[in-house]
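Protein chains: 2
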Amino acid sequence: MSLDAVLTRIDADLSAATDRLMELLRIPSISTDPAFKRDCDRAADWLVAELNRLGVATEKRATPGHPMVVGHAEGDGPHLLFYGHYDVQPVDPLSLWDRDPFDPELQDTRGGRVIRGRGASDDKGQLMTFVEACRAWKAVHGSLPCKLTFFLEGEEESGSPSLVPFMKAHADELSADIALICDTSMVSRGVPSIASQLRGMLKDEFTIIGPRIDLHSGHYGGPGLNPLREIARIVASFYDEETGRVAVEGFYEGVHEVPEEQLRQWQNCGFDEAEYLTSVGYSRPHGERAYSTLEQQWARPTLEVNGLWGGYNGAGSKTVIPSEAHCKITCRLVGDMDPDALRAKIRAHVEARLSTDAKLRWDKDLEGSPASVMNIDRPEFEAARRALTEEWNREAVFCGMGGSIPIAGYFKSILGLDAMLIGFANDDDAIHSPNEKYDLRSFHKGIRSWARILDALR
Amino acid sequence: MSLDAVLTRIDADLSAATDRLMELLRIPSISTDPAFKRDCDRAADWLVAELNRLGVATEKRATPGHPMVVGHAEGDGPHLLFYGHYDVQPVDPLSLWDRDPFDPELQDTRGGRVIRGRGASDDKGQLMTFVEACRAWKAVHGSLPCKLTFFLEGEEESGSPSLVPFMKAHADELSADIALICDTSMVSRGVPSIASQLRGMLKDEFTIIGPRIDLHSGHYGGPGLNPLREIARIVASFYDEETGRVAVEGFYEGVHEVPEEQLRQWQNCGFDEAEYLTSVGYSRPHGERAYSTLEQQWARPTLEVNGLWGGYNGAGSKTVIPSEAHCKITCRLVGDMDPDALRAKIRAHVEARLSTDAKLRWDKDLEGSPASVMNIDRPEFEAARRALTEEWNREAVFCGMGGSIPIAGYFKSILGLDAMLIGFANDDDAIHSPNEKYDLRSFHKGIRSWARILDALR
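Here the protein sequences come in this chain order: A and B. Counting from 1, one number per residue, gives the positions in the first sequence under the working numbering. Counting from 1, one number per residue, gives the positions in the second sequence under the working numbering.
Bear in mind the hints are in silico, worked out from the structure with no lab data behind them. It is possible that part of the hints are untrue.
No distinction is drawn between identical chains; accordingly, a pair holds when it is met within one copy or between any pair of copies.
As the list claims (entries may be wrong) - Here are the computed lysine-lysine pairs in the DSBU-like style, where the Cα-Cα straight-line distance is at most 35 Å:
1. K318 with K445
2. K318 with K412
3. K203 with K318
4. K168 with K318
5. K318 with K359
6. K318 with K60
From a predicted model like this one, the values you see are computed outputs, not experimental measurements.
Hey, can you work out the whole structure from these sequences and the hints?
Put into structure tokens, the structure is as follows:
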């Protein structure tokens, strides 16, 4: 009965909840750009005030970067820690937005009502689903459903430089029974999803140096070693075009096949492969031939070139053999792949293929983080899955995620906490892009979903 | 006697001549970049004023691009046409210059005094050797040595788009007995050289388009087609790494072997292979294994990548699968290679290797010009060779050139004019590169060389 009262309260309060979210969206808390430092601070202040209003004893906590928002509420039952982030991505190219990214509004679209504005989905709208669920609970019951810790950061979109030091310094304060993270999307529209595995990440960058200086391609074309030709050959050698596999020796060490049962679940999870591919201009998947699109995205590692450059790229032409060529790569890691070991393998691959007279320079070591697999055998996962199924009237699924959210790994390694990733974003939310939006349905049913989950877990 | 007086005058006037060259070098006449359009105009104006001061009736002549400078001086004896160019290459990467490229100065180096600055060698310093020889002649004799036409262009470094139309439209005005071109280098330091064959040139540029928009490499890494991987594979496919040959089908059609006798001459022309290679950081030549360094440079064709870019190249990393990847190429042509036929072969090679879902866009057709072989049986060539031998106290040689000066071919095909290419640049002049310089000795003895050649030809 009491859950119904909370859900009724949520429905009645939706308009006010949306207004509150709009307030937060109006604060341009772009964490990567120092020009918005004060705005990040204001967003943190806004959340501190909101949480204190709910009876959560909350403070802004200084870091070398943007502040953390940390709040505690006593209560019975399990101790849940909720994580979200209040910072947002930059908005460029601004010319592609159909309105001021920080003047949000409700819009009617073919896909339904949406909240349009930077951060609407990633992650202000998502984090507010949990806050609003707590607010409704408190309004109905006079207290929160259980012991709660809020842990909200302001540097997620700029690499979270303060996160690990802060977690380590405050490990006791941040202890709990399980962490809840609301920063992921649903596997398909209307299909409630719990992310049960995330890929890890390795970054690296190298430069190939040919001649000592840029050369004239008439004077040295022929005898001259061209680092652009060299880097093209080396990048091409990363891949086996027959199989679509990465051809770096030992690359797949630590990669495991997806269990049959999980594969079957994924096949029925509502993922719309055709829509996923055609929406960006593909007629077929381009990864490893032996695996399905979903496996390629969720369960297989990648070696991706994110930037490649050298020589002249201005208007017209320049007859140059450049001195240097550059390449930025990232790998997505799965299973037990070890970032440090993988870095060494990739570097050895490049070094072994270098021509006489070509020199190689690696960037200072860039970060790496292993893949995360959630502990879905914990009873909280099945309880949350049932709650989501009820709310969305559609079997909730455990799905993989192609992206990397290192926080889940940190909760485990630093705090010993399992994390449960539940989010209500859709693939077309345009996060990190112009015209970001969050479906009003995601916001509304997201709040209701958390109320049900809190009810199931308390 | 009168030649001695001219040479004496040249020696006495060297300091003033250097100052005049500095003035011209201060004008940043980068023809390929529209931002410098006014500066190209200023360089043309400067030359018009200089030539009029010598009694050459000179005008700036409009073209759709940068203006031509055309001047005529009446006189007895043969009618010589002198060609040079007043435009210069871009200066990037600016950070590698040890000073402002357009604030030239005299510097003492281990190799002697040099004039440092963009265009010092290519081609402002070289063209001024001829102008200063005329000035000294006029100062001593009160008139120029023979009938002269000056034809100076401002688009040589950006493909000379206006050159052919202008020559065709003004063929009568540009008629002469022979053309003199000062835009080449000496085969080795101190060895006076007449270029008897030049490679031709073909330019092209293509873009490979993968996804419709930039993608997140977590969300699409695996199934996503990455155009950077695609372009690396295609660039790598241009070459047969075993033999060092270009692997485009039919690429070598029209290429001829160098006759035995010419090869023997080249072997004795003073080319210092070790210096040529080690000065830029090479321990061996990197072209076709079956040919010598000189053949690779002068008599063999190339397919060179001059620019390759796509994705993120800023600080840090960005987990992007970019929508586009770009490649600029140039080929050097020899023998009877046909630029248009070659363009079609290269485009077919790329198109045939494109993956499903990758799209290809070629730049609007860029120019091409075949190789040139000079008519060294004309008596002016032997006369000039003797004059150069006298000035440099070293047997002058007929050599090949790796670069492309399409103008020589145009003089022949449009105006019916043979061209004689004599230049005083050195291989270490860093033309098209940071810290370009021209040896003061090249400038000084270059002026003296032209005085001797004019004396021999008049």
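Practice item. Using 35 Å as the alpha carbon limit, work out where K318 and K60 are close: within a copy, between copies, both or neither. Key: Between copies only: 26 Å across, 50 Å inside.
Check your understanding: Between copies, within a copy, both or neither: which fits K318 and K445 at Cα up to 35 Å?
Key -> Between copies, since 30 Å is at most 35 Å while 54 Å is not.
Review point. Taking 35 Å as the upper bound on the Cα-Cα distance, should K203 and K318 be classified as within, between, both, or neither?
Key: Answer is both: 32 Å inside a copy and 10 Å across each meet the 35 Å cutoff.
Practice item. Tell me, please, which holds for K318 and K359 at an alpha-carbon limit of 35 Å: within, between, both or neither? Key: Classified as both; 23 Å inside a copy, 25 Å across copies.
Exercise for review: Up to 35 Å between alpha-carbons, please classify K168 paired with K318: within, between, both or neither.
Suggested key: between (51 Å within a copy, 26 Å between copies)
**Study point:** Identical-chain pair category, K318 with K412, by Cα at 35 Å
**Key:** between (53 Å within a copy, 26 Å between copies)
The structure fails none of the hints (numbered hints given earlier).
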